[in-house]
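Undergrad: Spelled out, the chains give:
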Amino acid sequence: MEIAYYPGCTLHASSELYDIQSKLVFRKLGVELKEIEDWNCCGATSAEKTDEFLSIALPARNLGIADASGFSEMVIPCSSCYSRTLVSQKKLAGDPALLESINAELTQKVSGKIKIRSILELLVPRAQSGLIGEKIIKKLEGLKPACYYGCLMTRFPCDMEVPDNVENPQGMEIVCSALGAKPLDWAYKTDCCGAAASVNDAEMSLSLMSKIMKDAVARGANCFVSTCPMCQFNLDAYQEEIREKYGIAERLPVYFITELVGIAMGLSPHEMQIDRHFTEATGLLKELELI
Amino acid sequence: MTTTAIKYEPDLSKPLLHEIMERSGQNLPACYQCRRCAAGCPVGVEAGVTPDRLIRMILLGDREEAMNNLLVWKCLSCFTCGARCPNNIQTARITETLKQMAKEAHTEPLLPKVAAFHNAFMKATSHFGRFNEVEFMGIYELENTASAVKRGNLKIITDEIKASSRLGLAMIRKRRLHFRLARVRNLAEVKALYKKSRQQTDR
Chain A
185 MEIAYYPGCT
195 LHASSELYDI
205 QSKLVFRKLG
215 VELKEIEDWN
225 CCGATSAEKT
235 DEFLSIALPA
245 RNLGIADASG
255 FSEMVIPCSS
265 CYSRTLVSQK
275 KLAGDPALLE
285 SINAELTQKV
295 SGKIKIRSIL
305 ELLVPRAQSG
315 LIGEKIIKKL
325 EGLKPACYYG
335 CLMTRFPCDM
345 EVPDNVENPQ
355 GMEIVCSALG
365 AKPLDWAYKT
375 DCCGAAASVN
385 DAEMSLSLMS
395 KIMKDAVARG
405 ANCFVSTCPM
415 CQFNLDAYQE
425 EIREKYGIAE
435 RLPVYFITEL
445 VGIAMGLSPH
455 EMQIDRHFTE
465 ATGLLKELEL
475 I
Chain B
4 MTTTAIKYEP
14 DLSKPLLHEI
24 MERSGQNLPA
34 CYQCRRCAAG
44 CPVGVEAGVT
54 PDRLIRMILL
64 GDREEAMNNL
74 LVWKCLSCFT
84 CGARCPNNIQ
94 TARITETLKQ
104 MAKEAHTEPL
114 LPKVAAFHNA
124 FMKATSHFGR
134 FNEVEFMGIY
144 ELENTASAVK
154 RGNLKIITDE
164 IKASSRLGLA
174 MIRKRRLHFR
184 LARVRNLAEV
194 KALYKKSRQQ
204 TDR
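Protein chains in written order, with the working numbering: chain A, 185 to 475; chain B, 4 to 206.
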């Protein structure tokens, strides 16, 4: 099957590996991700904080393109893009005047029919149905991930139907278990890493990340798994700083969910681009004889 | 923790409350100060103001304090407060409103780097319709430098250069920094949305 795909800016830049992994992994599962034409930046948290109109209008242009694409579903792996696009769609469904005002500027109008999916909404049913299990070549035995969801997968600025438990989501655990890994129960799975604060309020962000890191270590995790490119980037790129500043001896690779699915299905570390992590990520997989 | 008394301004409280309720879409008077938001807020302790207290300031009409406190600038929009509020008040929407009000009132932001970050993000995406990290960092550092020079704080500049070059170099090593500029083909359409936004603010 084919499904519409909105990568967002990050998956075409600093988290390009997530884009590459997603396409390959879903192809293996029989799903082709079809990138929508000529999409724009969703505005992310910055539009939400500074410009109410653009925070709805920027994702709306992408929604219009997706609505006109003929697909019934669109997957958005980035948590921020996912959240902003859903919020825009919901707001426009309840505000005909705003919808008209925005549609007046668009060649491809928002009709509201495209169903927005997170990456977990695609993976979880395929794990539960046994499809992922059938494709597994290498069970991820010995891998003890702390599944880290961050904020935007389950919490929204307005009422929203959330496809998982808000405070204790289980989607990533279901997928990791299907891969043969042993995800751990821990307390910081939906805590905030600071997102952009790692750049504009660094001390604050490092302190938040240190708590996340300390709990994962205390529970005996040997890695993090994430679906969000901001969470992944922060815990990966700033880990050395956190360890130094807060005296944490352990070093935990920070995987995207897609690379774990890929490795388990026999895709190579090269195909999964595992060498592009800031915190060394191939050593653990070798040690556990998974690659 | 000691907290300063909040000034009650009966004549001022109504217009301030109504303005913030209208703009944020949040029903502030429903707050009964249970402080579940305070318990979950990741920045409340460091900011010295928790969501419940911010709501109280607004209800009592303390416009100055409501716009100039660290919660407004440290709020990460993690939405924990709103997810746990028994009355469905999303304080992140309130801090966003207050940031916009502070900007319109030309108030100096308490955390200039936070304001510079979001301004630079919007400016960068307005140029090509997509967010380009290198372009963004350039605009952001320029805004930061300008604001640090204005405040006569040059140490901020050197610290900033050190931090961003450390990150930039690590990104290059891991092939995670891209120098090619991504661009929307139908840029005119994106620009029209930016224009409409400006027209709405001017009105």
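Don't read these hints as lab results, they were simulated from the structure.
Heads up, a few of these hints could be off.
[Unchecked claim] Straight line, CA to CA, 27 Å or less: simulated DSSO-like cross-link-like pairs of lysine-lysine:
id : chain 1 : residue 1 : chain 2 : residue 2
1  : B       : LYS10     : B       : LYS106
2  : A       : LYS323    : A       : LYS207
3  : A       : LYS274    : B       : LYS199
4  : A       : LYS293    : B       : LYS10
5  : B       : LYS116    : A       : LYS429
6  : B       : LYS198    : A       : LYS275
7  : B       : LYS126    : B       : LYS17
8  : B       : LYS165    : A       : LYS293
9  : B       : LYS106    : A       : LYS395
10 : B       : LYS10     : A       : LYS395
11 : A       : LYS293    : B       : LYS177
12 : A       : LYS293    : A       : LYS212
13 : A       : LYS398    : B       : LYS199
[Claimed, not checked] Which residues of chain A face chain B? A partial, calculated answer using Cβ under 7 Å:
id : residue
14 : CYS193
15 : HIS196
16 : ALA197
17 : ALA380
18 : PHE462
19 : THR463
Here the structure is a predicted model, which is why all the values come from computation and not from measurement.
Don't be surprised by glycine CBs; every beta carbon is placed ideally from N, CA and C.
Undergrad: Keeping to a limit of 27 Å between CA atoms, is the pair of LYS10 (chain B) and LYS106 (chain B) held or broken?
TA: holds (23 Å)
Undergrad: For the pair we were handed, LYS106 (chain B) and LYS395 (chain A), check the Cα-Cα distance against 27 Å.
TA: violated (33 Å)
Undergrad: With 7 Å as the cut and Cβ atoms as the points, is ALA197 (chain A) at the interface with chain B?
TA: Holds: closest Cβ of chain B sits about 5 Å from ALA197 (chain A), inside 7 Å.
Undergrad: Would you mind confirming whether the straight-line C-alpha gap from LYS116 (chain B) to LYS429 (chain A) stays at or under 27 Å?
TA: holds (22 Å)
Undergrad: Measure nothing beyond the straight line between the CA atoms of LYS274 (chain A) and LYS199 (chain B); if it is 27 Å or shorter, mark the hint as holding.
TA: Holds - the C-alpha atoms of LYS199 (chain B) and LYS274 (chain A) are around 21 Å apart, at most 27 Å.
Undergrad: Does LYS10 (chain B) sit within 27 Å of LYS293 (chain A), going by the straight-line distance between their CA atoms?
TA: Measuring from Cα to Cα gives roughly 49 Å; hence the hint is violated.
Undergrad: Next pair to validate is LYS126 (chain B) with LYS17 (chain B); report whether the Cα-Cα distance is within 27 Å.
TA: With a Cα-Cα distance of about 35 Å, the restraint between LYS126 (chain B) and LYS17 (chain B) is violated, given a limit of 27 Å.
Undergrad: Under the criterion that the straight-line Cα-Cα distance not exceed 27 Å, is the pair LYS323 (chain A), LYS207 (chain A) satisfied?
TA: Holds - the C-alpha atoms of LYS207 (chain A) and LYS323 (chain A) are around 21 Å apart, at most 27 Å.
Undergrad: Would the hint linking LYS165 (chain B) and LYS293 (chain A) be met if the CA-CA limit is 27 Å?
TA: Since the Cα atoms of LYS165 (chain B) and LYS293 (chain A) sit roughly 46 Å apart, the hinted pair is violated (cutoff 27 Å).
Undergrad: LYS293 (chain A) and LYS212 (chain A) were given as a pair; does the straight-line alpha-carbon distance stay at or below 27 Å?
TA: violated (33 Å)
Undergrad: So if I understand the rule, the pair passes when the alpha-carbon distance is 27 Å or less; does LYS398 (chain A) with LYS199 (chain B) pass?
TA: violated (46 Å)
Undergrad: May I ask you to test the interface hint for THR463 (chain A) with respect to chain B, counting a Cβ-Cβ separation under 7 Å as satisfied?
TA: Where the cut-off is 7 Å and the nearest Cβ of chain B is about 10 Å from THR463 (chain A), the hint is violated.
Checked against the numbered hints listed earlier, the structure breaks hints 4, 7, 8, 9, 10, 11, 12, 13 and 19; every other hint is satisfied.
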